[in-house]
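Protein chains: 2
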Amino acid sequence: MAQPSHAWRGVIEHYRARVDITRAISPITLLEGNTPLIPAPRLATALAQGKTEFELFIKFEAGNPTGSFKDRGMTAAITQAVADGAQTVICASTGNTAASAAAYAARAGIKCVVLVPDGKIAAGKLAGALAYGAQVIAINGNFDDGLRMVKQASERAPIALVNSINPARVQGQKTASFELIDTLGDAPDWLCLPVGNAGNITSYWLGFVEYHRDGLATKLPRLLGAQAAGSAPIVLGHIVEHPETIATAIRIGNPARWREAVQALDDSGGHITAVSDEEILACYKTVSRTEGIFCEPSSAAGLAGIAQGVREGWAELEGKRVVCVLTGHGLKDPDTAIKGTVPPITIEPNIEALLKVID
Amino acid sequence: MAQPSHAWRGVIEHYRARVDITRAISPITLLEGNTPLIPAPRLATALAQGKTEFELFIKFEAGNPTGSFKDRGMTAAITQAVADGAQTVICASTGNTAASAAAYAARAGIKCVVLVPDGKIAAGKLAGALAYGAQVIAINGNFDDGLRMVKQASERAPIALVNSINPARVQGQKTASFELIDTLGDAPDWLCLPVGNAGNITSYWLGFVEYHRDGLATKLPRLLGAQAAGSAPIVLGHIVEHPETIATAIRIGNPARWREAVQALDDSGGHITAVSDEEILACYKTVSRTEGIFCEPSSAAGLAGIAQGVREGWAELEGKRVVCVLTGHGLKDPDTAIKGTVPPITIEPNIEALLKVID
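Protein chains in written order, with my numbering: chain A, -10 to 348; chain B, -10 to 348.
Hints are computed from structural coordinates only; laboratory data are not their basis. You may find that some hints are simply not true.
The list treats identical chains as interchangeable, and a pair is accepted whether it falls inside one copy or across any two copies.
[Claimed, not checked] Listed below are the simulated DSBU-like cross-link pairs for lysine-lysine, each with C-alpha atoms no more than 35 Å apart in a straight line:
{"hint": "1", "residue 1": "Lys345", "residue 2": "Lys140"}
{"hint": "2", "residue 1": "Lys109", "residue 2": "Lys328"}
{"hint": "3", "residue 1": "Lys140", "residue 2": "Lys309"}
{"hint": "4", "residue 1": "Lys274", "residue 2": "Lys328"}
{"hint": "5", "residue 1": "Lys309", "residue 2": "Lys345"}
{"hint": "6", "residue 1": "Lys208", "residue 2": "Lys109"}
{"hint": "7", "residue 1": "Lys208", "residue 2": "Lys100"}
{"hint": "8", "residue 1": "Lys40", "residue 2": "Lys328"}
{"hint": "9", "residue 1": "Lys109", "residue 2": "Lys274"}
{"hint": "10", "residue 1": "Lys345", "residue 2": "Lys40"}
{"hint": "11", "residue 1": "Lys208", "residue 2": "Lys309"}
{"hint": "12", "residue 1": "Lys40", "residue 2": "Lys109"}
{"hint": "13", "residue 1": "Lys140", "residue 2": "Lys40"}
{"hint": "14", "residue 1": "Lys100", "residue 2": "Lys345"}
{"hint": "15", "residue 1": "Lys100", "residue 2": "Lys274"}
{"hint": "16", "residue 1": "Lys208", "residue 2": "Lys274"}
{"hint": "17", "residue 1": "Lys40", "residue 2": "Lys100"}
Modelling step: build the complete structure from the supplied sequences, incorporating the hints.
Next up, the structure:
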């Protein structure tokens, strides 16, 4: 079947010369990427707390097919796995990777096995992975246990590992930086994002460095990474055995790309900080109410990092152009959204009842 | 704040000359539109049941900011309302309109009131509307009751109505047809979609006719509309007092744009049919498992219409190019996804336990 001629063709085709994976087969794609970069002036004002002024854009990665940033890397990992002859792929996940792996495996017509922490992933993520037909296995353990197990499984059985330690994942994921620069005309001054397994921050940095090296950006951004306080191994400098946070997507105590993340932060003159669940939830509410942008709680960690940096005076944002990555859709975790609000009242279906309750 | 120069700027700016709403203010936009058109060859084979062959594309409207097609029309309706001085907007909704209205109202900094049928909207949709800060009011009644009430409220109070009877909604919504033609280079042979309140089918047709009239398409598509069997007023030719279906987004017994939909179906040489909840759920599962595309149940009604048309022999699809609109994300309704699958088993966190259960 011919592809339509004017269409967006997904990140592998769009950045064909730069995504270093196999060309043996056509990409397995759901036309991921091409996500909106939304100016957020009212949110900027809220985060600035009257102390500074900066320009803020939201890179809304929830616009990807499965509702999270993971699709960029997954199209590359699944394409490579299929070209290599894999019939089954496996991953450990806090939920977003699971849904993405399951979707792209379904698209490719191969089997997908995902390991998730029992009772610790959001409803929308579980729904996704199941809907796409993956074999979902819950473990009495956390993400880090799962990652260890899937590594072992991929060594002992003919199963391809598609966690972000898979180098193809980084190749696809870095296209987010390319899109940012292509849209803005240059790199931003700051890039802010949540840090869990540290694959995303590593990939963004790789993309920025590559475009800068090739003259497609005049500068490199500073990175502002945010970890949840109960799950902040990079900030603390040691593994967290029992990570805890409401931001389930970054509930990871031993990040696979720890070293690369630290290097990227150093090279960029950046900063990594720990934000409390309260700070995360406050920003999660602020972004939806001030800008109409609904993200999952983890996504708001980057915003909380900005707010904290302004409050504590360490973030040099004055007059800068700041991009904050919102990694997943609020629809991934409806329970947290509903929990934080007043339930709707119920009225009889007549106009008098309605006019009485409109406040 | 300057807009970045290379960015997608939302449907109003992108189709500036064609979206007939006010130019008094800058559009209130979340950069909606620009959604992927995904080739779906394996799904086409499944729907063809060995009886025919056609080319199938999915217009995945779930990629919009709030996860449904409603954002295209809502950017226009809220922009017009704000320009007209509205401080409050109101709508009745089965959920998607509520979330979209709430998001764009938040973006504009105005108040939003939404009426939803008590207990009859999906979890993700309620979560969205609440997260964006709308006043959500449940009614002891259905969508049709809600629509009557909000019409009355907008007549008696200084509140702007943003349901799809608002003409600005259609102006934004029709941009989906423009995108289809811009991507494919011409109109498809068939456009298939679910029909609830009939605003979407009306808008698509308006867009197709406009591009065709202006020489931007050489032909017009035939429309294939699908209603849920328990909620099929247009198919039956009379109002359904108590509409029922698992496809909550199209649980509407008295469509506001009934007349326009019938006209569009007639003018296009199209067809409208009623599909059972079983047929809808079967297609809902097939699209996620064969293509890795997760939609809400209502979205699958269009696919079910195709399957039925092939089975019953009335759909002339042989050799044709078919576009099916998936209107909302599967994440909107996680409960239906989880209900239809086997819950994950839980294992101890060790490799032997894992290797034993991988099937």
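How the hints compare with the structure:
1. Taking identical chains as interchangeable, the C-alpha atoms of Lys345 and Lys140 lie at most 35 Å apart only when they sit on different chains, with a minimum of 16 Å there against 60 Å within one chain.
2. In this homomeric assembly, Lys109 and Lys328 come within 35 Å of each other (Cα to Cα) both inside a single copy, at 16 Å, and across copies, at 19 Å.
3. In this assembly of identical chains, Lys140 and Lys309 lie within 35 Å of each other by CA distance neither inside one copy nor across copies; the values are 42 Å within and 46 Å between.
4. Within a single copy, Lys274 and Lys328 get their C-alpha atoms as close as 12 Å, and across copies as close as 29 Å, so both meet the 35 Å cut-off.
5. In this homomeric assembly, Lys309 and Lys345 never come within 35 Å of each other (Cα to Cα): the closest approach is 47 Å inside a single copy and 54 Å across copies.
6. When the C-alpha separation of Lys208 and Lys109 is checked against a cutoff of 35 Å, the pair qualifies neither within a copy, at 40 Å, nor between copies, at 52 Å.
7. With identical chains, the CA atoms of Lys208 and Lys100 are never at most 35 Å apart, being 42 Å at best within one copy and 41 Å at best between copies.
8. Taking the shortest Cα distances, Lys40 and Lys328 sit within 35 Å of each other inside one copy (32 Å), while across copies they are farther apart (49 Å).
9. In the homo-oligomer, the alpha carbons of Lys109 and Lys274 lie at most 35 Å apart both inside one protomer (21 Å) and across protomers (25 Å), since each shortest distance falls under that limit.
10. Taking the closest pair of Cα atoms, Lys345 and Lys40 never come within 35 Å of each other, the shortest separation being 41 Å inside a single copy and 58 Å across copies.
11. Proximity of Lys208 to Lys309 under the C-alpha cut-off of 35 Å is restricted to the intra-copy arrangement: shortest distance 13 Å within a copy versus 49 Å between copies.
12. In this assembly of identical chains, Lys40 and Lys109 lie within 35 Å of each other by CA distance neither inside one copy nor across copies; the values are 37 Å within and 45 Å between.
13. When the C-alpha separation of Lys140 and Lys40 is checked against a cutoff of 35 Å, the pair qualifies neither within a copy, at 47 Å, nor between copies, at 45 Å.
14. Proximity of Lys100 to Lys345 under the C-alpha cut-off of 35 Å is restricted to the inter-copy arrangement: shortest distance 16 Å between copies versus 55 Å within a copy.
15. Proximity of Lys100 to Lys274 under the C-alpha cut-off of 35 Å is restricted to the inter-copy arrangement: shortest distance 16 Å between copies versus 38 Å within a copy.
16. Proximity of Lys208 and Lys274 under a CA criterion of 35 Å is satisfied intra-copy only: 33 Å inside one chain copy versus 47 Å between copies.
17. For the identical chains of this complex, Lys40 and Lys100 are inter-copy neighbours only, at 28 Å across copies versus 52 Å inside a copy, given an alpha-carbon limit of 35 Å.
Of the numbered hints stated above, those contradicted by the structure are hints 3, 5, 6, 7, 10, 12 and 13, listed in ascending order.
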